[in-house]
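Q: For the protein sequence lines, the chains are R and G, in the order given.
So the first sequence is residues 4 to 440, counted in the working numbering.
So the second sequence is residues 4 to 440, counted in the working numbering.
Careful: at least some of the hints might be erroneous.
Note that identical chains are pooled: a pair holds if it fits in a single copy or bridges any two copies.
[Stated by the list, open to error] Here are the simulated SDA-like pairs of lysine to any residue, each with C-alpha atoms no more than 20 Å apart in a straight line:
#	residue 1	residue 2
1	Lys372	Leu138
2	Lys79	Pro307
3	Lys82	Thr268
4	Lys81	Lys378
5	Lys372	Arg73
6	Lys372	Ser438
7	Lys372	Arg436
8	Lys361	Arg414
Keep in mind that the hints were calculated from the coordinates and are not lab data.
Here the structure is a predicted model, which means the values were calculated and not measured.
2 protein chains.
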Amino acid sequence: MMPQLGFLPRRACAALLSQMLRPPRAACLPAVCCHSQVAEVMLTSQLKPHQEKPNFIIKTPKLCEVPFARYLAMNKLKKMKRYQVGKVWRRESPTIVQGRYREFYQCDFDIAGQFDPMIPDAECLKIMCEILSGLQLGDFLIKVNDRRIVDGIFAVCGVPESKFRTICASMDKLDKISWKDVRHEMVAKKGLAPEVADRIGDYVQHHGGISLVEQMLQDPRLSQSEQALEGLKSLKLLFEYLTLFRITEKISFDLSLARGLDYYTGVIYEAVLLQPPAAGEEPLHVGSVAAGGRYDELVAMFNPKGHKVPCVGLSIGVERIFHIVEQRMKTFGEKVRTTETQVFVATPQKNFLQERLKLIAELWDAGIKAEMLYKNDPKLLTQLHYCENTGIPLVVIIGEQEQQEGVIKLRSVATREEEVIKREHLVAEIQRRVSQP
Amino acid sequence: MMPQLGFLPRRACAALLSQMLRPPRAACLPAVCCHSQVAEVMLTSQLKPHQEKPNFIIKTPKLCEVPFARYLAMNKLKKMKRYQVGKVWRRESPTIVQGRYREFYQCDFDIAGQFDPMIPDAECLKIMCEILSGLQLGDFLIKVNDRRIVDGIFAVCGVPESKFRTICASMDKLDKISWKDVRHEMVAKKGLAPEVADRIGDYVQHHGGISLVEQMLQDPRLSQSEQALEGLKSLKLLFEYLTLFRITEKISFDLSLARGLDYYTGVIYEAVLLQPPAAGEEPLHVGSVAAGGRYDELVAMFNPKGHKVPCVGLSIGVERIFHIVEQRMKTFGEKVRTTETQVFVATPQKNFLQERLKLIAELWDAGIKAEMLYKNDPKLLTQLHYCENTGIPLVVIIGEQEQQEGVIKLRSVATREEEVIKREHLVAEIQRRVSQP
Numbered sequence: 004m005m006p007q008l009g010f011l012p013r014r015a016c017a018a019l020l021s022q023m024l025r026p027p028r029a030a031c032l033p034a035v036c037c038h039s040q041v042a043e044v045m046l047t048s049q050l051k052p053h054q055e056k057p058n059f060i061i062k063t064p065k066l067c068e069v070p071f072a073r074y075l076a077m078n079k080l081k082k083m084k085r086y087q088v089g090k091v092w093r094r095e096s097p098t099i100v101q102g103r104y105r106e107f108y109q110c111d112f113d114i115a116g117q118f119d120p121m122i123p124d125a126e127c128l129k130i131m132c133e134i135l136s137g138l139q140l141g142d143f144l145i146k147v148n149d150r151r152i153v154d155g156i157f158a159v160c161g162v163p164e165s166k167f168r169t170i171c172a173s174m175d176k177l178d179k180i181s182w183k184d185v186r187h188e189m190v191a192k193k194g195l196a197p198e199v200a201d202r203i204g205d206y207v208q209h210h211g212g213i214s215l216v217e218q219m220l221q222d223p224r225l226s227q228s229e230q231a232l233e234g235l236k237s238l239k240l241l242f243e244y245l246t247l248f249r250i251t252e253k254i255s256f257d258l259s260l261a262r263g264l265d266y267y268t269g270v271i272y273e274a275v276l277l278q279p280p281a282a283g284e285e286p287l288h289v290g291s292v293a294a295g296g297r298y299d300e301l302v303a304m305f306n307p308k309g310h311k312v313p314c315v316g317l318s319i320g321v322e323r324i325f326h327i328v329e330q331r332m333k334t335f336g337e338k339v340r341t342t343e344t345q346v347f348v349a350t351p352q353k354n355f356l357q358e359r360l361k362l363i364a365e366l367w368d369a370g371i372k373a374e375m376l377y378k379n380d381p382k383l384l385t386q387l388h389y390c391e392n393t394g395i396p397l398v399v400i401i402g403e404q405e406q407q408e409g410v411i412k413l414r415s416v417a418t419r420e421e422e423v424i425k426r427e428h429l430v431a432e433i434q435r436r437v438s439q440p
Numbered sequence: 004m005m006p007q008l009g010f011l012p013r014r015a016c017a018a019l020l021s022q023m024l025r026p027p028r029a030a031c032l033p034a035v036c037c038h039s040q041v042a043e044v045m046l047t048s049q050l051k052p053h054q055e056k057p058n059f060i061i062k063t064p065k066l067c068e069v070p071f072a073r074y075l076a077m078n079k080l081k082k083m084k085r086y087q088v089g090k091v092w093r094r095e096s097p098t099i100v101q102g103r104y105r106e107f108y109q110c111d112f113d114i115a116g117q118f119d120p121m122i123p124d125a126e127c128l129k130i131m132c133e134i135l136s137g138l139q140l141g142d143f144l145i146k147v148n149d150r151r152i153v154d155g156i157f158a159v160c161g162v163p164e165s166k167f168r169t170i171c172a173s174m175d176k177l178d179k180i181s182w183k184d185v186r187h188e189m190v191a192k193k194g195l196a197p198e199v200a201d202r203i204g205d206y207v208q209h210h211g212g213i214s215l216v217e218q219m220l221q222d223p224r225l226s227q228s229e230q231a232l233e234g235l236k237s238l239k240l241l242f243e244y245l246t247l248f249r250i251t252e253k254i255s256f257d258l259s260l261a262r263g264l265d266y267y268t269g270v271i272y273e274a275v276l277l278q279p280p281a282a283g284e285e286p287l288h289v290g291s292v293a294a295g296g297r298y299d300e301l302v303a304m305f306n307p308k309g310h311k312v313p314c315v316g317l318s319i320g321v322e323r324i325f326h327i328v329e330q331r332m333k334t335f336g337e338k339v340r341t342t343e344t345q346v347f348v349a350t351p352q353k354n355f356l357q358e359r360l361k362l363i364a365e366l367w368d369a370g371i372k373a374e375m376l377y378k379n380d381p382k383l384l385t386q387l388h389y390c391e392n393t394g395i396p397l398v399v400i401i402g403e404q405e406q407q408e409g410v411i412k413l414r415s416v417a418t419r420e421e422e423v424i425k426r427e428h429l430v431a432e433i434q435r436r437v438s439q440p
């Protein structure tokens, strides 16, 4: 059966995982359930590039695209789109660190291949929105930036090129510690001139939408950097596509976003939950719940001939999400729906099993997930309670009167409102209701 | 990534598995993807019952409900419904035996709990139909019988009770070898009196629908067996429910069906593919593709206090199905669809990327799986070829004329027929088309 993950009940685990296993519509791909042993400790040694590069350091990947790139390189694939949910193990001390399981699931989506600019990138952000909305974790925001803008800021502010990566790593801490502390680290520990740090500080406080992109394109200092301009032009195009995808209200161009991983080459993004902890409660401290970006050079590093395959992707922080849900269940007594039933078939009368069976088969055949009690003559109250307890949103009620009149009652469990509809319209009406977001 | 299973290409594997991972609608449950090491060799030793029963032999389970029963017993669960797809390993000699992988997936559905008679049993058969239809393996038939009828036949034919299990095992071979050979085994090897074997032979040739159940209920000899009567009455009720579920044309009451496993206590069933091999080709010899039955006593055997939990379930023979698909791909060049895309968004004109993005987002938001090329100005022919190659059934075509008239073209890839519909009816029309079986 389901292995117990941390303290989250098995059924809740299964329900969440199953939600992730349902591939996003935009992905249009079967979810591949894999079983790949990615011990973090192994990664560093495996990542020895064939061309010896001095100072090539790869950080412990929190959410990582490294196995996918290896796969592409080893199989000489030039184009691929995949959505994957798989089990991963991590070497870690036996105690379960806050929000870190030793065995957990990884869930990611990637698009590899040479395509027209920003179309796959926009799709990744659309998919991220779809997955996070589907998980019903509450309101979220996706911070977007571009690695070339980060590097451009460093260049125009006067960071020596040898310090780019280490300053980037400091900047990556901005979601956890204040700018004051990050500045201190940059200056006192990493030897950055205070005025350089202050110039960076001027930039990283900005966040906004497409107008901020346009403002930065006009910025006298930043526009001197060729790569910053490239990054800003890319983001401008990206925002146009995001507008067409109707998700701009979930997206924030955030100049403080750095993403610690070294392999990103273009757009980078990170989703954070906006829901604050309840008064008097410990804040959840779970960081980002999903992240990703463009990594155009990584595949080449695994390919003996150095062939390049541009990639863009995202990872869902499964263990963090599990941790959040677990906390909420403990703190607020929130429930996780453990069935996917869309409609329950009920009756207030005796001797209606046959009608219920006929009706439920009709719903199943129409692709509707329906359930009923395995009882000849259940009480109506028992049936309605069952729906309330399991979170089934709709009830179809069939009784003698309905049968005589050729109608059916459709009841909303939440509002307890009932509507009488013609029997022959039932399937279409349910399909209409369940397809609404 | 996806591990390679035998010779089936990874993407075909993934597509098939994903089809199985999509839980049947009737199940209404998330598919649980597990990772349970069930080496067959372990099973026998684990199955030592706590009450010592002499002569308790469990056969190597081909398709087995043994881990589920253990789980219920160990967790003291009295009621549960689960659909599971998980990886299983088997100890076997390194060569891959025909149709037997050492690492494969197991896929099963079970309902545990005390419910009104035959309702969950009928649901299992409905689900079996749904899964097998969904896998598009061609026509199939589900043979149904009842363990009590098998035992009743043995009793009234004069089989000594001590020989029931071994004679049942012989009978189980009827789908592979002829009655003549089975009779020979019963008489020559198992010491059954020839006239007893002949009496069994009279029964096992029968197969049919509910009328055969009624005929057997009137059978002067068989109706002397109390347990045969119970089995027949159960099947009569089952057939009534299957009629309401509209699947009787897929079901055959088959008196030759024995199911080798010892733990079945009531209804038993086994699905076979009907498609014959092409002329001149080797027959596929893959046996049944799905099987199951009622096992009311198994949980009690794992429970220290012997508490009973009635169960009924089914297993899909994943490796056999993989093997069949693999053979067909080799023999007939059949393709397995590796995407789930329902609609493709295309344009015959340049500068229509924005319209395509707007349109595709609208489809995604309505829950429709849609795809388009990541290209600013792709050629129409390239787009249509893509649909033909990947098996996408529908194409939405938007061009200047359509845009001006507020319409859209909907093209069927198979028939190449095009229909012009109003833009605002597009989502509803696609939903209508994709929800049709």
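Q: A separate judgement is required for each hint: does it hold in the structure or not?
A: Verification of the supplied hints:
Proximity of Lys372 to Leu138 under the C-alpha cut-off of 20 Å is found in both arrangements, the shortest distances being 19 Å within a copy and 18 Å between copies. For the identical chains of this complex, Lys79 and Pro307 are intra-copy neighbours only, at 10 Å inside a copy versus 56 Å across copies, given an alpha-carbon limit of 20 Å. For the homomeric pair Lys82 and Thr268, the shortest alpha-carbon distance inside one copy (18 Å) is at most 20 Å, but the shortest distance between copies (53 Å) is not. With identical chains, the CA atoms of Lys81 and Lys378 are at most 20 Å apart between copies only, with a shortest distance of 16 Å across copies and 56 Å within one.
In the homo-oligomer, the alpha carbons of Lys372 and Arg73 never lie at most 20 Å apart, since the shortest distance is 39 Å inside one protomer and 28 Å across protomers. When the C-alpha separation of Lys372 and Ser438 is checked against a cutoff of 20 Å, the pair qualifies both within a copy, at 12 Å, and between copies, at 13 Å. In this assembly of identical chains, Lys372 and Arg436 lie within 20 Å of each other by CA distance both inside one copy and across copies; the values are 13 Å within and 18 Å between. With identical chains, the CA atoms of Lys361 and Arg414 are at most 20 Å apart within one copy only, with a shortest distance of 19 Å there and 35 Å across copies.
Of the hints listed earlier, the one the structure fails to meet is number 5.
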